[in-house]
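**Student:** Residues per chain are reported as follows:
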Amino acid sequence: MNISRRTFFSKAGGMVAMLGLLSATRNAFADWNASAFGAKTVPAVLKDLGNLTLVDSPDILLMAPDIAEDGSVVPVEVTSSIPNTQRIDIIAEQNPNPLAASFRFSNGALPFIGTKIKMGKTANVRAIVIADGKAWTAAKMIKVTAGGCGG
Amino acid sequence: MNRREFIQLLATAAASGAVLNSRSALAGEATGFYDLPAFGNVSLMHMTDCHAQLLPIYFREPNINIGVGAAKGQPPHLVGEHFLRYYGLRPGTKEAYALTCLDFRAAAQRYGKVGGFAHLKTLVDQVRASRPNSLLLDGGDTWQGSATALWSKAQDMVDASKLLGVDVMTAHWEFTYGADRVMDIINKDLTGHIDFIAQNVTTKDFGDPVFKPWVIKSINGVQVAIIGQAFPYVPISHPRYLVPDWQFGIQEEGLQTHVNTVRAKGAQIVVLLSHNGMDVDLKLASRVTGIDVIFGGHTHDGVPRPVPVKNASGTTLVTNAGSNGKFLGVMDFDVRNGKLQDWRYRLMPVFSNLLPADPNMTAWINTMRVPYASQLSQPLAETESLLYRRDNFIGSFDQVIMDALMKVKNAEISFSPGFRWGTSLLPGDTINMEHLMDQTAITYPATTLTEMRGDTIKSIMEDVCDNLFNPDPYLQQGGDMIRVGGMHYSINPNAASGQRISGMTLHGKPISPSKTYKVAGWAPMAEGATGAPIWDVVSEYLRDIKTVNLRHINEPKLLGVGNNPGLETHC
Chain A
4 MNISRRTFFS KAGGMVAMLG LLSATRNAFA DWNASAFGAK TVPAVLKDLG NLTLVDSPDI
64 LLMAPDIAED GSVVPVEVTS SIPNTQRIDI IAEQNPNPLA ASFRFSNGAL PFIGTKIKMG
124 KTANVRAIVI ADGKAWTAAK MIKVTAGGCG G
Chain B
524 MNRREFIQLL ATAAASGAVL NSRSALAGEA TGFYDLPAFG NVSLMHMTDC HAQLLPIYFR
584 EPNINIGVGA AKGQPPHLVG EHFLRYYGLR PGTKEAYALT CLDFRAAAQR YGKVGGFAHL
644 KTLVDQVRAS RPNSLLLDGG DTWQGSATAL WSKAQDMVDA SKLLGVDVMT AHWEFTYGAD
704 RVMDIINKDL TGHIDFIAQN VTTKDFGDPV FKPWVIKSIN GVQVAIIGQA FPYVPISHPR
764 YLVPDWQFGI QEEGLQTHVN TVRAKGAQIV VLLSHNGMDV DLKLASRVTG IDVIFGGHTH
824 DGVPRPVPVK NASGTTLVTN AGSNGKFLGV MDFDVRNGKL QDWRYRLMPV FSNLLPADPN
884 MTAWINTMRV PYASQLSQPL AETESLLYRR DNFIGSFDQV IMDALMKVKN AEISFSPGFR
944 WGTSLLPGDT INMEHLMDQT AITYPATTLT EMRGDTIKSI MEDVCDNLFN PDPYLQQGGD
1004 MIRVGGMHYS INPNAASGQR ISGMTLHGKP ISPSKTYKVA GWAPMAEGAT GAPIWDVVSE
1064 YLRDIKTVNL RHINEPKLLG VGNNPGLETH C
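Same order as they appear, the protein sequences are chains A and B.
The numbering used here numbers the first residue of the first sequence as 4 and each following residue consecutively.
The numbering used here numbers the first residue of the second sequence as 524 and each following residue consecutively.
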């Protein structure tokens, strides 16, 4: 790809991220769910997120590698086709603090997110979609390995 | 110059001796062996994992290749007599020699060396003559595995591939020359000659494709799409710094999209040129629809018959074509009325003594080798033992490497990677520098000496073990178990992740989880290792001991696999 285009986008991306952070500081962080992000087990996270009872849904597309290339930055993408999706949470079940991210959607924003999460070891990664007061879920096992020794 | 001439003369004499010897053994067997009756209207040749072996070599197939879960007893997890029985082959035949480890030493002496690009070239041209417009597909692991490939930064193999007539390739070890070198070769050498394709390599930042994902070729009026699948775990199996900006993975969803795209563009045949490894290909074939055949590599399995795999829209054939230039797969399709009607497949062993060497390729190889000749022919030691690598747990050449690491680096325990490449030497052979490089020629060859706790040693071994024996193929990486020197252990491949290794002892005493041990190894993942390259360590050791005579190789104790057809005790 064109190097200058890439450099431009990478700088532009940095600026967007900064702007996003500034606005997030003013708005979303106001009701930051500190107890859910601080919880140490999956049941505790679900309780702190509002006593969620999860139901499996085929309408959540969770894209992530089978084996992480680097456990410190594991790419995860979630697309929800559930009507009125208001929130997408991501949980790495074996992390010391399992809740990795929580995204809110308002004013008809398309419920798609892509982010990178940190994982210490092989675990289920779970997406939770909140829509019309119900909690839907999909999960995928992601393997974290030290690597080496290819064929 | 005199010495070089003398050595070349010796080599020629040895080669012609072998030819005479094998001609008598093969008398009558050669007739018709390579006469493939033409079939259908579209033909594709497939080679894979030649590991830069330009000259004929010996390559012993494994005596242990255990399949776990649903893979138990299924191709490719069959070895020795189990293999012969499954495919209806007779012991003592040249097919049994090519495909199994049975009676390897005697069979090698009887039937001679295998592979070699000059012999392969003759076979490729013969197939092309009977099958106009057929294509030659290369599944990768072509640029790595020999001294000349490493020293020329893959240039010898790039030039040889063009001379051979490769049309399309994908890759794995190619990436270990670094992203810049790969792009340099594609731009300067391959453009207009060889399509380098991979649908599952994208940039880390935006997910842009790095390579062409597929090509469509018109063969005798039939549109044939070839989609590339590079090895999915390059930055995990090799140092990340070699390909810092690229991400890999199986990328099933992307593959399905590409299949749908090429079908919509009118492809009547869709093939996947894959470096996934056979177990991954078999699972993928059951989940992705619309692929007619997967030409597979990576796991080095010589599989005589394609495995048909059912999926939601039909059946996908899965092949694997061995390694080291031993085999050429030939697939003939009968395509009529826009559809695949029937097919024929032959996995042709390349017996160097049955196929005359192509003179142009021979001349090119000889010229290419001239600047390296004195380095390659440096004698290091004699071997009284059969030396090989391929096996799930350890090969005899690995034992030599690990003995060298422990001796030269003064370590109690040594580790060596579970590579599946590395040629074989017969008892009585001289081990020269070229043979040593056949086992070690990589771009990150540094040796290491590390103080390691017992629990760390176990967790490393469990981690590698899971990459081999996880019952879900998508969580395997191919390759074999890490080789272990000095320390004994037991292994249960069917146990759960993290619980397969037990009974670790050093000099008869149990390994203590909290005690620290000196462990030597090579091929580190981290950048900046400064230890001597592995070939320096092993050549120093070999020159010192002068003769290799292995009384024992450190095969672990196997638990729970007594009746597994991936196990042959008579090799």
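Source of the hints: derived by calculation from the structure; they are not laboratory data.
This structure is a prediction, so every number in the text was calculated from the model and none was measured.
The beta carbon of each residue, even a glycine, is placed where N, CA and C say it ideally should be.
Each hint should be verified, as a subset may be incorrect.
As the list claims (entries may be wrong) - Label pairs and their in silico Cβ distance ranges:
1. A:Gly123 / B:Arg1066: 39 to 49 Å
2. A:Ser84 / B:Asp682: 14 to 24 Å
3. B:Gln1022 / A:Gly123: 44 to 54 Å
What the hints assert, rightly or not - Straight-line Cα separation of at most 30 Å, DSSO-like style, residue types lysine-lysine; simulated pairs:
4. A:Lys121 / B:Lys676
5. B:Lys676 / B:Lys833
6. A:Lys143 / B:Lys981
7. B:Lys711 / A:Lys124
8. A:Lys124 / B:Lys1041
9. B:Lys711 / B:Lys685
10. B:Lys685 / A:Lys143
11. A:Lys143 / B:Lys740
12. B:Lys740 / B:Lys711
13. A:Lys124 / B:Lys981
14. B:Lys735 / A:Lys119
**Student:** It remains to establish, for every hint, whether it holds in the given structure.
**Tutor:** Results of checking the hints against the structure:
Roughly 45 Å separates the CB atoms of Gly123 of chain A and Arg1066 of chain B, a value that falls within the hinted 39 to 49 Å. A beta carbon spacing of about 51 Å between Ser84 of chain A and Asp682 of chain B contradicts the range 14 to 24 Å that was offered as a hint. One distance hint, 44 to 54 Å for the beta-carbon pair Gln1022 of chain B and Gly123 of chain A, is violated here, with the actual separation near 19 Å. The straight-line distance between the Cα atoms of Lys121 of chain A and Lys676 of chain B is roughly 36 Å, outside the 30 Å bound, and the hint therefore fails.
Between Lys676 of chain B and Lys833 of chain B, the direct Cα distance comes to roughly 42 Å. Violation of the 30 Å bound is thereby established for this hinted pair. This hinted pair checks out: Lys143 of chain A and Lys981 of chain B have alpha carbons roughly 27 Å apart, not beyond 30 Å. Taken as a hint, the Lys711 of chain B and Lys124 of chain A pair is broken in the structure, with Cα atoms around 42 Å apart against an allowance of 30 Å. In summary, the hint linking Lys124 of chain A to Lys1041 of chain B is supported, as the alpha carbons are separated by about 26 Å, within the 30 Å threshold.
Distance restraint check for Lys711 of chain B and Lys685 of chain B: the Cα-Cα separation of roughly 13 Å lies within the 30 Å cut-off, and the hinted pair is therefore satisfied. Proximity of Lys685 of chain B to Lys143 of chain A is assessed by CA-CA distance (about 43 Å); at most 30 Å being required, the pair is judged violated. Of the supplied pair hints, the one linking Lys143 of chain A and Lys740 of chain B is violated, its CA atoms being roughly 37 Å apart against a limit of 30 Å. Annotation: proposed proximity of Lys740 of chain B to Lys711 of chain B holds, straight-line Cα distance about 22 Å (limit 30 Å).
A hinted pair counts as satisfied when its Cα atoms are at most 30 Å apart, and Lys124 of chain A with Lys981 of chain B qualifies at roughly 16 Å. Between Lys735 of chain B and Lys119 of chain A the alpha-carbon distance is near 26 Å, which keeps this suggested pair within the 30 Å criterion.
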